[in-house]
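Enquirer: Using the hints, position chain R against chain U.
Protein chains in written order, with my numbering: chain U, 8 to 223; chain R, 918 to 1215.
It is worth saying that the hints were derived from the structure and are not from the lab. There's no promise every hint is true.
Using 20 Å as the maximum straight-line C-alpha spacing, the simulated SDA-like pairs for lysine to any residue come out as follows [as the list claims (entries may be wrong)]:
| id | chain 1 | residue 1 | chain 2 | residue 2 |
| --- | --- | --- | --- | --- |
| 1 | R | K1065 | U | K106 |
| 2 | U | K159 | R | L1029 |
| 3 | U | K72 | R | I949 |
| 4 | U | K106 | R | G1028 |
| 5 | U | K166 | R | S993 |
| 6 | U | K208 | R | S1068 |
| 7 | U | K208 | R | V946 |
| 8 | U | K216 | R | S1121 |
| 9 | U | K208 | R | T1115 |
| 10 | U | K210 | R | Y956 |
| 11 | U | K159 | U | Q179 |
| 12 | U | K72 | R | V946 |
| 13 | U | K140 | R | Y956 |
| 14 | U | K216 | R | L1029 |
| 15 | U | K72 | R | S993 |
| 16 | U | K140 | U | S61 |
| 17 | U | K208 | U | Y100 |
| 18 | U | K216 | R | Y956 |
| 19 | U | K208 | R | I949 |
| 20 | U | K208 | R | Y956 |
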Amino acid sequence: MKLSCLKKQLLATGFITFSLQLFANNINITVIDTDHKPIENAVVYVKESLAAVSENVVIIDQVDKEFIPYVTAIRRGSAINFPNNDEIRHQVYSFSNSKQFELPLYEGNEFRPVIFEKEGAVPLACNIHDWMKAYIYVVDTDKFVLTNSNGKGELTNLKAGQYEILVWHPEQGVDVSESLQSVTLGNSPQQLKFTLAQTPKFKAWRAPKGFKRRGY
Amino acid sequence: MRILVKVLVLSLSFLFLSLPTKAENSQWVEWIIEGQAAYSHLDNLNYSAFSNDSENDAKLTVGVVLGRFYQISGNSRMHIAVDASKEQYDEFNLWDETQLGASIGFRHKFGLGHYIPYLQMNASHRHNEIDSDRWSHDLSNIDIEVGKHISESFSIATGIGYSLMNGKSWQVVVPELSNEVFDQEYWQAFIVADYIITQDWLLSFNYNYRSGDFHSACTVENVAKVLATNKVKAITFDDVFGGCIYQTDGHHNSYSGGVSYALTDHSAFNFIAQYTDGSVADLNYHSSTMQFNYNYRF
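Bound-form chain U, shown alone (with noise of 0.2 Å):
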């Protein structure tokens, strides 16, 4: 008996995800700059507006005096925890137009969490390594993917139909609406190529310098 329901419930499972896999499609993405090169950490997400906000909690860490990862991408309504895993202080903030917040001088790995509910590009640092850089972008929509070291991501489990997609990265050298392509997805998957022109953004210099230093 109970080996019959086992064998209804993984019947059941396997026909769900035969179905999804029926009716879901992927966007495969490649993001160039204008030299062809691939670029690594562009946001490619789906242009819509959700009206539920996300809940989810995502780390943004901090060790050898660098934040890790240099690009994050959430949904509304998220949560960022900052962990420092340096055997010191840092005091992380941002003026962005998005989310504007200090995480006062601190340490360790208490959770304090900073929640993100507005769109857009929230740019990080530490008041006291100068070099210490990072980005998030928030995005209202579940479909979003930052791209590989080859500038390579995928839009996965799509509907058929029509999509709007955007591209957003930290040196992207234009805005993001700019980015825009749309696309009808059907029972094949589709290809799309975003080629960004860039304006470097450069972290303050960290490595030693060669003058002989007055102090530090």
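Expert: Chain R in isolation, oriented as in the chain U frame:
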């Protein structure tokens, strides 16, 4: 002024020693561990005013710095450090030098943000032990600096410094003049600019204006010309370049340009070119240095 320097150094030291190990908003934070190896070529290293006795040489330098920061608040921190270095000349071995020093500093950032300016004060004391003992001296320095990031790639700092040098008495050459060539006092003003070309390459520029005592060495045949300026304050015999070392005072401009290539976040290769010129009465002084160094910071 000498008393002021001592009071400032003692005050900073006392303040540092009285800091708690860990308080509500302050604590000892990261260590300063640095190492440097450098190769330098120096034109007119004796800083002679006469082309017929200026000397050139090359030197190898290795140095280390050990210290620690104390974070006072989100905007302020102090540091204390000791340093040691060894310089070995290719030709003028009597000029080989060992340096031992200590420094203390306070840095305050006027708020929260990347573009907020900072103020930094430093005090240091260094003993320079030179194989030719008459050149050995102690050097105390205080300076104050303000700086800020102008953009993501460009930053600038400027400041002033005061230095006191204390050397040894050596043979008297001219009875009316002091033989303590390395008892000197001088001021400096400086501007430093850094420009990040890419995340791996940095350009640096440094202008330094120095006013006050300085020393120069010349051969015996030029000593009379030096003394004729009536600006010589002290003079003694020199065993390194084979003539006299004298002290005078004047103004100098020093221009430096550097390129750094970051191998990692903690290490870099650097190339520096420096040109210095100065004058006293009718005498003009020029020197230049080119240095290639490797720096590691923990």
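Enquirer: Decide, hint by hint, whether the structure agrees.
Expert: Quick rundown of the hints versus the structure:
no., hint, in the structure
1, R:K1065 x U:K106, "25 Å, violated"
2, U:K159 x R:L1029, "37 Å, violated"
3, U:K72 x R:I949, "14 Å, holds"
4, U:K106 x R:G1028, "19 Å, holds"
5, U:K166 x R:S993, "55 Å, violated"
6, U:K208 x R:S1068, "10 Å, holds"
7, U:K208 x R:V946, "29 Å, violated"
8, U:K216 x R:S1121, "9 Å, holds"
9, U:K208 x R:T1115, "9 Å, holds"
10, U:K210 x R:Y956, "29 Å, violated"
11, U:K159 x U:Q179, "17 Å, holds"
12, U:K72 x R:V946, "12 Å, holds"
13, U:K140 x R:Y956, "34 Å, violated"
14, U:K216 x R:L1029, "25 Å, violated"
15, U:K72 x R:S993, "18 Å, holds"
16, U:K140 x U:S61, "25 Å, violated"
17, U:K208 x U:Y100, "18 Å, holds"
18, U:K216 x R:Y956, "15 Å, holds"
19, U:K208 x R:I949, "28 Å, violated"
20, U:K208 x R:Y956, "33 Å, violated"
When held up to the earlier numbered hints, the structure conflicts with 1, 2, 5, 7, 10, 13, 14, 16, 19, 20 and fits the remainder.
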